[in-house]
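Each chain is listed here by its residues.
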Amino acid sequence: MTAMLTATPGQTVGPFFSYALPFDRGHELVPPGSPGSIRFHGVVTDGDGTPVPDALLEIWQADADGTVPTATGALRRDGWTFTGWGRAATDDEGHYSFSTVPPGATNPAAAPFILVTVFARGLLNRLFTRAYLPGEHLAADPLLASLPAERRDTLIATQEPTGFRFDVSLQGPRETVFLRYPGHRA
Amino acid sequence: MPSVATSSDGAATSQAEVSAEIEAIEAAYQRAGVEETQPRLDYAPYRSSLLRHPTKDLHHADPEGVELWTPCFGPRDVGALEADLTIGQRGEPIGERMVVTGRVVDGDGRPVRRQLVEIWQANAAGRYIHQRDQHPAPVDPNFTGTGRCLTDDDGYYRFTTIKPGPYPWKNHRNAWRPAHIHFSLFGTEFTQRMITQMYFPGDPLFALDPIYQAITDRKARDRLVATYDHDVTTHEWATGYRWDVVLTGASRTPMEDS
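Line by line, the protein sequences are chains A and B.
For the first sequence, counting from 1, position 31 maps to 31 in this note's numbering; every step adds exactly one.
For the second sequence, counting from 1, position 243 maps to 243 in this note's numbering; every step adds exactly one.
Calculated directly from the structure, the hints in this document are not laboratory data.
Be aware that a few hints might be false.
What the hints assert, rightly or not - In silico lysine to aspartate or glutamate, EDC-like type, Cα no more than 20 Å apart, as pairs: (1) K163(B) with D222(B); (2) K163(B) with D133(B); (3) K170(B) with D42(B); (4) K163(B) with E92(B); (5) K56(B) with E150(A); (6) K219(B) with E36(B); (7) K163(B) with D42(B); (8) K163(B) with E36(B); (9) K56(B) with E136(A); (10) K219(B) with D244(B); (11) K56(B) with D167(A); (12) K163(B) with E82(B); (13) K56(B) with E175(A); (14) K56(B) with D48(A); (15) K163(B) with D203(B).
The following block holds chain A by itself, in its conformation from the complex:
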């Protein structure tokens, strides 16, 4: 469906968001170390491979059985309710980290992914990407199939003993694939 109205432009999150947007336990979709929890983390780098210490990432995902959460309370975490959404700023080494659960597939044919949004000083509009969990089900995913192999890999998280690693490269030889959805215009 073609939108009738032109969207308001985005702007950079700027350098001064860290006292405003991050909130207590924002990066803890589930308490770290709780049964079934995983770590989802990585480093954000720029075109020189230098870590980006002033980026903000948000993730949005289904729960472990593939249900899309509808519970409120992400901003006031009670430690029990899974809201599916979290927010984490990068640290001085460009590193971000969430504790969450591995998302289930929202339908039996789909490859599960965590939706990642990136904001940063110097980045004039937000970027969307998907972090797929590694596994054989990826072969049938239409988005992954539409990418050359070397670019496809930027969307697949790496399994680790404690969870998954997903590095984000804003620019450069391993530039992450960022997404444009049908409603988005230049």
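Put chain B on the given structure of chain A with help from the hints.
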């Protein structure tokens, strides 16, 4: 092609040089004749963007699964007092008390109901409560400059705050940002997520600012400028501004939304 700096160290560059780059890009945009509605990610006059913009085209994705849905927020997340940035401290903040209100709609004009809106801003002197802000203007002990609210059943948000001041930054020599309020918005689908900045009408710094001018289209830039509205202004209390937000089109239809 105009020559542009390749370093993000802008201290030696003058405003005149940056303004010339801005004007050259806008002139080329107008010659090209293809309408743009969003900021360019690759916009050299904003030096910090040089190494932080993707060089490859954004890849088309048909939204699926969680992309068709959005996080839910409720009264448990946002207290009613968080929409008033002038209270909650020991005293009154200094500056022009103002109300900013508007409506959040999707690309089809449907109101975005009961959804989170977050703002943050400098104080009246142009200073943020942030340790990295070294601008030698006074911190206001009665103003943190952060607020949150949920839109109402018609998609309206409303904040009471202090009009922010312009402030200097280090993009180039004598660089100043126009006064602005940062807005963070969610839609009915996560692909509508956006963060932007709201500006004030008639700001003399508009033409000089590479962040604002990264939106090469004049009509599109104007969408970030609030309107002074005397019907929002209240008697002997606060000035009033109106600023509406249109998010990108949603993929789900209202029927599916039930």
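Going through the hints against the structure:
At roughly 19 Å between alpha-carbon atoms, K163(B) and D222(B) fall within 20 Å of each other, so this suggested pair holds. Under the criterion of a C-alpha separation no larger than 20 Å, the hint pairing K163(B) with D133(B) is consistent with the structure, at around 18 Å. Between K170(B) and D42(B) the CA atoms are separated by roughly 19 Å; this keeps the pair inside 20 Å, and the hint holds. Taken as a hint, the K163(B) and E92(B) pair is honoured in the structure, with Cα atoms around 14 Å apart against an allowance of 20 Å.
Taking the CA atoms of K56(B) and E150(A), the gap is about 13 Å. The hint holds against a cut of 20 Å. Proposed proximity of K219(B) and E36(B) is supported: the alpha carbons are some 10 Å apart, at most 20 Å. Restraint check for K163(B) and D42(B): the C-alpha separation of about 31 Å exceeds 20 Å, so the hint is violated. Restraint check: the Cα-Cα separation between K163(B) and E36(B) comes to about 30 Å, which exceeds 20 Å; the hinted pair is violated.
This hinted pair does not check out: K56(B) and E136(A) have alpha carbons roughly 27 Å apart, beyond 20 Å. Distance restraint check for K219(B) and D244(B): the Cα-Cα separation of roughly 15 Å lies within the 20 Å cut-off, and the hinted pair is therefore satisfied. Between K56(B) and D167(A) the CA atoms are separated by roughly 17 Å; this keeps the pair inside 20 Å, and the hint holds. For the proposed pair K163(B) and E82(B), the alpha carbon gap of about 17 Å is at most 20 Å, so the pair holds.
Proposed proximity of K56(B) and E175(A) is supported: the alpha carbons are some 8 Å apart, at most 20 Å. Simply put, K56(B) and D48(A) have alpha-carbon atoms about 16 Å apart, close enough for the 20 Å limit, and the pair holds. Between K163(B) and D203(B) the CA atoms are separated by roughly 13 Å; this keeps the pair inside 20 Å, and the hint holds.
Violation of the numbered hints given earlier is confined to hints 7, 8 and 9; the remaining hints are satisfied by the structure.
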